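Protein chains in written order, with my numbering: chain A, 1 to 682; chain B, 1 to 151.
Quick caveat, the hints were computed from the structure, so don't treat them as lab data.
Since the structure is predicted, the reported quantities are computational estimates derived from the model, not experimental observations.
Every residue gets a Cβ at the ideal spot worked out from N, C-alpha and C, and that includes glycine.
Heads up, some of the hints might be wrong.
Below, simulated SDA-like cross-link-like pairs (lysine to any residue); rule was C-alpha separation at most 20 Å, straight line [as the list claims (entries may be wrong)]: (1) A/LYS272 <-> A/ASN359; (2) A/LYS387 <-> B/GLY46; (3) B/LYS61 <-> B/PHE97; (4) A/LYS387 <-> B/LYS138; (5) B/LYS61 <-> A/LYS272.
Pairwise CB distance ranges, derived in the manner of DEER restraints [unchecked claim]: (6) A/GLY536 <-> B/VAL65: 54 to 60 Å; (7) A/LEU432 <-> B/ASP90: 45 to 51 Å; (8) B/LYS62 <-> A/LEU320: 53 to 59 Å; (9) B/LEU13 <-> A/LEU380: 45 to 51 Å; (10) A/PRO392 <-> B/ASP63: 32 to 38 Å.
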Amino acid sequence: MLIRMLPELGHFALILALAMALLQAVVPLVGAATRRPLWMAFAQPMTWGQFAFLVIAYLCLTASFALDDFSVAYVANNSNSLLPWYYKLSAVWGSHEGSVLLWGLILGGWSFAVSLFSRRLPRDMLARVLAVMGWISSGFLLFILLTSNPFERVLPNVPSDGSDLNPLLQDFGLIVHPPMLYMGYVGFSVVFAFAMAALLGGRLDAAWTRWARPWTNIAWAFLTVGIALGSWWAYYELGWGGWWFWDPVENASLLPWLAGTALIHSLAVTEKRGTFKNWTVLLAIFTFSLSLLGTFLVRSGVLTSVHAFANDPSRGTFILGLLGLTVGLSLAIFAWRAPRVQSLAGFGWLSRDSLLLVNNILLVVMTVTVLLGTVYPLLLDALNLGKISVGPPYFNALFVPLTALLCLFMGLGPLARWKRMPGRELARRLALSAVLAIVIAAGLPLLYGGSFSLGVTLGLLLALWLMLSLARDVFDKTRPAHAGKAGRRGRLANLRKLTPAYWGMVLGHLGLAVTIVGVAMVSHYNVERNVRLAPGDSVDVAGYRFAMTDFRERQGPNYVADTATLEVTRPGRGGFVMQPEKRFYTASGMPMTDVALRPGLFRDLYVALGEELDNGDWSLRIQLKPFVRWLWLGALMMAAGGLLAVLDRRYRRVARRDAALRRAETPAAELNDDRVSPEISR
Amino acid sequence: MRANRKRRLVIVLALVALVAVAAGLTLYALRANINLFFTPSQVAAGEAPLGRTLRLGGVVKKDSVERHQDTLHVSFQVTDFASDVEVSFDDILPDLFREGQGVVVVGQLDADGEFIAQQVLAKHDENYMPPEAAEALKAAGNLPDGSVPSS
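Kindly generate the complete structure, drawing on both the sequences and the hints.
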């Protein structure tokens with residue numbers, strides 16, 4: 001009996017979560033404004049309650065999928081009794097309603113994490129942060145309940161079986177890509193909440209940036225991994241072998257990433273030097289707004305894409321309203337509360353500060369160009385000025401030179417000192433790196449045996465410039481006091497003294513260099529051949545011989561597949577077998593290409609089965625993709641760098657000091673003292 | 001203080017110049033890379049420019065798909081049930097390409113009125129019609145209920 005009521009229970013849980021989110025949004029905020037500790041103390045329990053009920057709602061929906069309850073419309077539309085169990089569980093976020101629920105759940109999770117790990121914050125700050133997150137949560141839960149209820153039933157005519165999950169989504173990629181991406185998207189709400197809380201509390205000093213930095217890094221790392229996973233998924237799933245299409249949905253995830261990258265760097269300046277304060281707050285607002293914009297673009301159905309499921313205009317209007325409200329309100333608060341006092345610390349033309357300023361300007365320009373190319377067609381369409389699309393050449397023409405420029409300054413940044421850096425010293429330290437980068441970049445393509453390509457040389461040059469300047473910096477930073485044997489020991493000791501934050505920066509920048517190598521190589525040395533083959537035929541592509549030895553039909557769990565068997569050999573080396581498939585999913589009647597991949601660190605072989613031609617031949621697309629793995633490897637390194645920086649001792653030191661402070665207070669005192677620091681009264 | 005103010009002025013001017021240059025280049029790149037959308041009727045009426053990348057939406061005409069015997073070359077007609085456009089394509093067609101299904105083709109019109117496709121987009125769902133294709137049919141008055149079929 002209880003099992004049949006699961007969807008209703010889930011629905012009630014959602015309503016309760018909304019009620020708690022509203023309390024979490026209002027009460028602590030009023031409490032912080034009127035300095036009532038009890039009201040402020042509402043924030044944490046409400047956050048926990050909200051999260052608990054979201055988990056219950058989410059589990060109810062998952063259970064409906066697991067138990068094949070096709071009386072739930074969402075389950076009936078996105079699942080099937082034959083679907084393997086792991087896809088049933090991930091089908092929960094396979095379409096609109098469930099993925100919005102996942103969004104809400106993850107937001108609840110972030111709020112929960114903030115309430116757990118930020119208890120050392122001044123109480124009014126914590127109350128405000130959680131209240132802001134409560135507002136966001138309320139908006140999204142309202143959105144779910146009013147327009148996208150995943151628990152809606154189809155009664156009384158319950159379908160006997162579901163119409164199956166879209167075959168494109170029946171893949172490992174669906175299991176990992178959306179949750180990672182959402183962790184990133186939603187994670188930026190934390191830094192947004194911190195910025196808002198700092199504005200509301202009138203405490204726009206460097207302290208809030210120190211609290212917000214680890215959260216921002218983690219969110220950014222998740223988003224990086226999410227984008228990389230999406231690119232990897234599109235690569236092997238769509239059958240073209242492309243890894244980035246400048247599709248509006250991809251752009252939607254790239255936009256907050258670019259802004260978030262700028263934010264990470266400007267947070268560093270604000271924390272270290274106390275400058276860029278207003279700018280950092282603005283960036284925090286924009287980053288989260290771009291996350292919301294991404295959600296709007298993907299969820300509203302204004303885009304035509306694999307990702308855009310919803311075509312219900314009320315949903316689009318609702319998210320657009322939410323977006324407008326967030327941007328409008330936060331900018332209004334910013335205008336009202338941002339400090340007028342200019343920061344006193346200045347900096348020279350050439351300094352780490354100024355280089356980071358350049359980084360921020362370039363990243364913002366990149367964000368704006370991508371935003372323009374993504375939104376421009378939508379605007380024209382909305383204004384009835386015609387239907388257009390903006391092609392990849394636009395993005396490439398702007399993005400590539402901007403990235404090159406960014407890398408140029410990125411090589412300088414880590415070596416420059418705060419405040420002022422003599423140009424001559426910088427030039428002296430980097431001359432060797434620059435020369436080496438140029439020499440190796442010119443020589444490497446010859447070694448690889450490929451024809452000369454400006455793109456590859458340029459890409460390698462930038463990547464080497466980044467790597468070698470970082471190597472130089474590590475070398476200089478670990479320079480021992482003495483020469484000789486003692487010196488070598490001293491270097492090792494110095495190496496150990498470098499902080500996790502520093503290593504995080506090094507790893508992140510190296511990651512970008514690795515990604516650039518991948519992009520340059522795969523874009524210019526890619527080999528693609530479309531061939532037609534029948535069993536018994538063979539074809540030579542890029543030094544490999546592909547012989548089709550067999551072709552047969554195979555029965556999968558919920559599909560029938562035509563499987564080709566190709567024996568791939570290379571003169572003088574052992575061979576291997578590749579089996580591309582054309583699947584036909586019986587429940588939905590959809591065909592799907594299943595690519596055969598032979599991955600490698602320096603090249604991928606990629607074979608996709610096309611279609612059966614009139615005389616029984618099959619068309620095949622065979623590709624050799626050099627260095628394509630480096631793209632995602634680099635992204636993983638960037639993410640790891642972001643996480644590594646979070647481990648830096650200075651965040652923990654603050655934690656320990658504050659924990660000691662907390663212990664010093666007696667419980668009674670804690671109840672009465674609302675820990676309003678002197679800064680609050682401006 | 002004065003030096004400070006002067007420097008700020010220089011920074012602001014540099015920023016304005018940078019933004020202006022960036023905006024100019026962006027608009028130029030945007031203008032050069034916009035793919036306009038056309039319906040088969042518009043193409044038949046000669047409204048579509050030659051030699052520019054554009055998008056054509058409609059339905060693959062029944063019994064119009066012809067494959068070359070030895071190569072991958074394929075030709076078909078895209079129709080809005082008022083006019084047809086001959087499309088030629090040299091690559092592998094997407095999974096959901098069928099006669100009678102909505103497609104969007106990206107490519108260029110040659111002097112003979114043939115559309116040389118670089119890309120054929122069919123959507124990833126059986127019941128789904130690309131909105132641009134639906135639009136073309138609507139414009140030609142051939143979508144009886146006037147609704148856009150969706151997933």
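So, going through the hints one by one against the coordinates:
1. A threshold of 20 Å between alpha carbons decides the hint, and for A/LYS272 with A/ASN359 the separation of about 16 Å falls inside it, so the pair holds.
2. This hinted pair checks out: A/LYS387 and B/GLY46 have alpha carbons roughly 18 Å apart, not beyond 20 Å.
3. Straight-line distance between C-alpha atoms of B/LYS61 and B/PHE97 comes to about 11 Å, which keeps the hinted pair within the 20 Å bound.
4. For the proposed pair A/LYS387 and B/LYS138, the alpha carbon gap of about 14 Å is at most 20 Å, so the pair holds.
5. The suggested pairing of B/LYS61 with A/LYS272 is violated, with an alpha-carbon distance near 65 Å, which exceeds 20 Å.
6. Between A/GLY536 and B/VAL65, the C-beta spacing of about 27 Å breaks the proposed range 54 to 60 Å.
7. Under the hint 45 to 51 Å, the C-beta atoms of A/LEU432 and B/ASP90, about 49 Å apart, fit the expected range.
8. Take B/LYS62 and A/LEU320: their Cβ atoms lie about 40 Å apart, and the range 53 to 59 Å is violated.
9. Our hint of 45 to 51 Å for B/LEU13 and A/LEU380 is violated, since their Cβ atoms are close to 33 Å apart.
10. Here the CB-CB span from A/PRO392 to B/ASP63 is close to 34 Å, well matched to the stated 32 to 38 Å.
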